[in-house]
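Colleague: Which chain is which? The protein sequence lines are A and B, in order.
Using the numbering used here, you'd call the opening residue of the first sequence number 5 and step up by one each time.
Using the numbering used here, you'd call the opening residue of the second sequence number 3 and step up by one each time.
In case anyone wonders, no lab produced these hints; they're calculated from the structure.
Where hints are given, some of them may not hold.
[Stated by the list, open to error] To spell it out: a stretch of chain A is covered by chain B in this simulated footprint if at least three of its residues, at any positions, have a beta carbon under 8 angstroms from a beta carbon of chain B; those stretches are:
1. 14-22
2. 48-56
3. 99-105
[As the list claims (entries may be wrong)] Computed beta-carbon distance windows for the label pairs:
4. B:Gln62 <-> A:Gln6: 13 to 23 angstroms
5. B:Met56 <-> A:Leu86: 21 to 31 angstroms
6. B:Ser28 <-> A:Gly45: 28 to 38 angstroms
7. A:Trp11 <-> B:Gln47: 36 to 46 angstroms
8. B:Asn55 <-> A:Leu116: 47 to 57 angstroms
Since we're looking at a predicted model, the values are computed, not measured.
Don't be surprised by glycine CBs; every beta carbon is placed ideally from N, CA and C.
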Amino acid sequence: SQTIHQWPATLVQPVGSPLSLECTVEGTSNPNLYWYRQAAGRGLQLLFYSVGIGQISSEVPQNLSASRPQDRQFILSSKKLLLSDSGFYLCAWSGGDNQPQHFGDGTRLSIL
Amino acid sequence: GESVGLHLPTLSVQEGDNSIINCAYSNSASDYFIWYKQESGKGPQFIIDIRSNMDKRQGQRVTVLLNKTVKHLSLQIAATQPGDSAVYFCAESPPGYALNFGKGTSLLVTP
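Whole structure, please, built from the sequences with the hints as guidance.
Modeller: Spelled out as structure tokens, the structure:
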């Protein structure tokens, strides 16, 4: 069966520090991969999605970036974090368009 | 800065009753719809989906209804249990586009 792993579960970072969040999927090949951010009490905002290695689409301009160095690995990065980057970051995978997305358990990021 | 004091719509039901959670979507071109359940501190969990060529789909204790005429989606949960307490999100997507999520409804099941 397919599984998705995100780490770390929680992270506290100072303003201006770099960021790297990792997401890996097991049990499937060539998945669509997604990064979302969820602010408290709100819905999910799509940040990036990828349909293949090295293919990244950005939905929201910001100081975050994403990379897909391997088929089942998706990384969310920042060179310099802002206070507004605080939130709950979720990774998801799907088998393609019009198929369910399956989410990891998220990373709670706090910027101080 | 970010707004504070935002409150999700809340539905309170008694254990054993049926729950109906409603969702209005905006894009008439959407052909795929999905419901998720999110418990505190966890990622959303897939419940059920439906394509635009259907108006009803049933799962275990859940039913999704789609009314394309008024762009309305609902999730019905039969015999609601305390474990059903969570935030429920609907999402839609037009062909070739990623899912667009609603803001969520908080379901509270009381004994």
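Colleague: Next, verify each hint and record whether it holds.
Modeller: Status of the hints after comparison with the structure:
1. 14-22: violated (count 0)
2. 48-56: holds (count 3)
3. 99-105: holds (count 4)
4. B:Gln62 <-> A:Gln6: 13 to 23 angstroms: Holds: the Cβ-Cβ distance is about 20 angstroms, inside 13 to 23 angstroms.
5. B:Met56 <-> A:Leu86: 21 to 31 angstroms: Cβ of Met56 of chain B to Cβ of Leu86 of chain A: about 44 angstroms, so the range 21 to 31 angstroms is violated.
6. B:Ser28 <-> A:Gly45: 28 to 38 angstroms: Given a distance of about 21 angstroms, which is not inside 28 to 38 angstroms, the answer is violated.
7. A:Trp11 <-> B:Gln47: 36 to 46 angstroms: Violated: the Cβ-Cβ distance is about 19 angstroms, outside 36 to 46 angstroms.
8. B:Asn55 <-> A:Leu116: 47 to 57 angstroms: The hint (47 to 57 angstroms, Cβ to Cβ) holds, given that Asn55 of chain B and Leu116 of chain A are roughly 50 angstroms apart.
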